[in-house]
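One line per chain: the protein sequences are W and P, in this order. Each residue of the first sequence is one higher than the last, beginning at 1 in UniProt numbering. Each residue of the second sequence is one higher than the last, beginning at 1 in UniProt numbering.
Warning: the hint list may mix true and false statements.
As the list claims (entries may be wrong) - Straight-line distance between alpha carbons at most 25 angstroms, and here's what the computed DMTMM-like set of lysine to aspartate or glutamate pairs gives: (1) W:K384 <-> P:E22; (2) W:K204 <-> W:E169; (3) W:K384 <-> P:D107; (4) W:K384 <-> W:D306; (5) W:K209 <-> P:E22; (6) P:K48 <-> W:E46; (7) W:K204 <-> W:E242; (8) W:K209 <-> W:E177.
As the list claims (entries may be wrong) - Short, incomplete list of chain W residues facing chain P, as computed with Cβ under 8 angstroms: (9) A82; (10) Q85; (11) N163; (12) E166; (13) T222; (14) I250; (15) P278; (16) T282; (17) W283; (18) D289; (19) V399; (20) E401.
Bear in mind the hints are in silico, worked out from the structure with no lab data behind them. Each residue gets a CB set at the ideal place from its N, CA and C atoms; glycine is no exception.
Next come the chains, spelled out residue by residue.
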Amino acid sequence: MSDAAFLGMPSFPKAARNALADTQLRRNLAHATGTIRQKRADVVGELDDWEELREAGRAIKERTLRHLDHYLLQLEERVTAAGGQVHWARDGEEACRIVTDLIRATGEREVVKVKSMATQEIGLNEALADAGIAAYETDLAELIVQLGEDHPSHILVPAIHRNRAEIREIFLRAMAEYGAAAPADLGDDPRQLAEAARQHLREKFLRAKVGISGANFLVADTGTAVVVESEGNGRMCLTLPETLISVVGIEKTVPTWQDLEVFLQLLPRSSTGERMNPYTSTWTGTAADDGPRAFHLVLLDGGRTDTLADPIGRQALNCIRCSACLNVCPVYERVGGHAYGSVYPGPIGAILGPQLRGTSSEVDRSLPFASTLCGACYDVCPVKINIPEVLVHLRARVVDESRERRMPTPERLAMTAARWVLSEPSRLGTAQRAASAGGRLLSRRGRIGRLPGPLSAWTDARDAPVPAEESFRTWWRRTRDERT
Amino acid sequence: MSAREDVLSRIRRALADVGDTEAPADVPVPRHYSPGGTPPAGSQEAVKLLAERLADYGAAVQRVTAETVATAVARAIAVRGGDCVVVPRGFPREWQAGLAPERVLSDAPRLSVHELDRADGVVTTAAAAIAGTGTLVLDGGPGQGRRALTLVPDYHLCVVRAEQVVASVPEALARLDPLRPLTFVSGPSATSDIELDRVEGVHGPRTLEVLLIG
Ligand code: SF4
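Okay, chain P solo, but in the shape it has when bound:
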């Protein structure tokens, strides 16, 4: 018997107490927890809460407007002193208007990991943000690029639009496509492995900066 058959038949034997007629849906799953929605998605309160929670987790946060976002992107990168930042395909042209072209690194053709390792930072959009937990979600869509882009460089600047902000985890998951590789980012990476002292940034970007539009 194959291991597969063996394990499956062990499971069936182990579940002798479960009647043959019982279907999975017959086991009740009460979902009386909150579906979210407070504050409403895209609202000012939601954006404000997101800003607070991100800051709580050590991210630098700025509220900007559609008019000031390009300047804010350019300034953030200038302040970081980055000589070259990766800008993934699909990142809005108007948002990178303030960036000197020679500072922009494209991932098409695909950068090698070592090239990526030499980049100073990356600027991306996001797929969604969760206010209640201070979380950004990336799904590799336009302006986000593949996962390695937001992992290897030491600085990540993320631009989020108000309408992408939801209050809760359930609302975010409902908006996301599970078939795409997803990364949920809540602040810079961190460890307390040395004498319980918190150190921000081990392997992921040590600095996470977020621009919230609206």
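Looking at chain W on its own, in the form it has when it is part of the complex:
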């Protein structure tokens, strides 16, 4: 059940307690979120029209959602006219099946992949593994995690629990098994480690016949797809293979090319705190002499229409996955991403998860309570999602449902946990002060260098994947043996 919350995931209070026990993780988390908060505040402060951009972003999303059928049909027509092929998927399972069949039709057994929230949400890598197809994640952090046979620990910097010596260790030990070996004299300087990753993945990029991506935006009136990234692995996946398959949630649509002028300003500044991320790629269908010869767009519902049906909850679909709300959230800063039990952590995860998946599981029912309603997330959200409003609304829904179904109410548990999470007043205070600084107040101080990479929109973002039944390494060994 790839669409469900992680199987066996404890509910939020329990998972939060586990995460809180890990002080090192907490310190790293605080450092990461603090740095990015400051950078965001600085680059947002550079724009005098930030509030107007936010309002335009919100309004464009509202227009899109209220007429989503119209825009999707237009999008489909334009993508098709430009040489692309559009597929529709009711849920994650169907999307995985479509992608698997498309890859099978090419005869390939391996694909390169640029991280995307949508493919993570539907458990695509696991589905491909079951079909005997190796999906290589190409973000540096993902590589570290995949080679190290463990799970991402943090959405900003998934490999934050690994220090440089460990990463060197992992590279030396595991790279040779999956492809180009790490140089024997590999040191632990991040530069050398990045170089080793470059060499290791390059071979895969150069021979890849199929690339898989998500998209940050789909433009209805031109049929254009947009991917925002930092490392260049996205460009490799979008440009070099012969076949490109993009899996995208239906809510990623925007009406016009002009609308991108709003989102391409809002997203990088909110996400990595950069004026612009290193690379943004746009493409419309296929091009005669440039890039993949076949382009497949898989449009995913996966609970989005259920979310759309709730006029208050609907605004969660505005989300452009910048993760600014995570970085200002006092609860998130203290418990990290795993506690939210899905690929969507933090404040947005608390309102999106239960709506996409429904509120039948304990973890989903407790998520609307994983907040202090301090409002910092609303203030920073580039598309003005009123997260506290939706949280309160969902709480009411959960309580009503609990009464109807005579289930034990989760909110008492959750509130107890929240009190405990926030019991260190100094930490909460710091987080909240920093959060309001994320507005326009402290904006114009001296500029600081940008923080590249890790956040670079949520096409890049990651959190705990659905726990694999077998580790990547075991699976790889097994399928390779089967093949040879």
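Position chain P with the ligand relative to chain W; hints supplied.
Below, chain P with the ligand alone, put in the same frame as chain W:
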């Protein structure tokens, strides 16, 4: 029912609160944000701002003139020690005048990815540049080539003319053709995935150098 019909009808059911007579344009989209234009496109201030912002993002920037551009191109490539650089079709002849022909690699006939991987660098023009964000935009037009050319080699030298420089994202998008594959480049690729240490250049060119004419 096909998945397409199913999803579309779910959407229509979900939007029961939206009246039948409401058209997309009936949902107001206030565009009170700045359309750009300051500094004016092509102005000295715009070029200066672009130079600053590019440098901010770790690109090497040089201001040159129409007379010195050929020398600057040749020198930049010599300094890099590149034995062969890809020069896409349509790159102005006069700008490559200082390059030894045996150092120039053409993409016609099309280079294989492995040939491209052995090239030391690439020199291109651009379609537009955005001063406020320090961004170059490539659209595969003359002198730019297909996207892989500016991706696989480790060094990218880009020559930009002043009149191509606009202040803002809205102005740039209005100038670009969405039907062409576009790449927006803001500095060399980068990552902070290892202990939050910034490392420039992961998969894209690790060095980005820009010559601004005018
Ligand atoms: S909800 Fe959070 S992640 Fe989504 S756009 Fe708003 S701030 Fe960004």
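Results for each hint:
The hinted pair formed by W:K384 and P:E22 meets the criterion: a straight-line CA distance of about 23 angstroms does not exceed 25 angstroms. The straight-line distance between the Cα atoms of W:K204 and W:E169 is roughly 21 angstroms, inside the 25 angstroms bound, and the hint therefore holds. Only pairs whose Cα atoms come within 25 angstroms are accepted, and W:K384 paired with P:D107 is rejected, the gap being roughly 47 angstroms. This hinted pair checks out: W:K384 and W:D306 have alpha carbons roughly 21 angstroms apart, not beyond 25 angstroms.
Distance check on the hinted pair: W:K209 and P:E22 sit about 45 angstroms apart at the alpha-carbon level, beyond 25 angstroms; violated. The straight-line distance between the Cα atoms of P:K48 and W:E46 is roughly 17 angstroms, inside the 25 angstroms bound, and the hint therefore holds. In summary, the hint linking W:K204 to W:E242 is supported, as the alpha carbons are separated by about 14 angstroms, within the 25 angstroms threshold. For the given pair, W:K209 sits about 21 angstroms from W:E177 by alpha-carbon distance, which is consistent with the 25 angstroms threshold.
Below 8 angstroms, beta-carbon pairs count as interface contacts, and W:A82 has one with chain P at about 7 angstroms; its hint therefore holds. Evaluation of the W:Q85 hint against chain P yields a violated restraint, the C-beta minimum of about 12 angstroms exceeding 8 angstroms. At about 6 angstroms, the closest approach between the beta carbon of W:N163 and any beta carbon in chain P falls short of 8 angstroms, and the interface hint on this residue holds. With a cut of 8 angstroms, the hint placing W:E166 at the interface with chain P is violated, because the nearest CB-to-CB distance is about 10 angstroms.
Taken as an interface hint, W:T222 checks out: its beta carbon lies about 4 angstroms from the nearest beta carbon of chain P, inside 8 angstroms. Residue-level restraint check for W:I250 holds (minimum Cβ-Cβ distance to chain P is 7 angstroms; threshold 8 angstroms). Look at W:P278: its Cβ gets to within about 5 angstroms of chain P, closer than 8 angstroms, so that hint holds up. Given hint, W:T282 at the interface with chain P, holds; its Cβ is 4 angstroms from that chain's nearest Cβ, closer than 8 angstroms.
The interface hint given for W:W283 is met, as the beta carbon of that residue sits about 5 angstroms from the closest beta carbon of chain P, less than 8 angstroms. Interface hint at W:D289: satisfied, since its Cβ lies 6 angstroms from the closest Cβ of chain P, which is below the 8 angstroms cut-off. With a least beta-carbon distance of about 23 angstroms to chain P, the hint placing W:V399 at the interface is violated under the 8 angstroms criterion. Hint status for W:E401: violated, given a least beta-carbon distance of 19 angstroms to chain P, over 8 angstroms.
Violated hints for the displayed structure, listed by number in ascending order: 3, 5, 10, 12, 19, 20.
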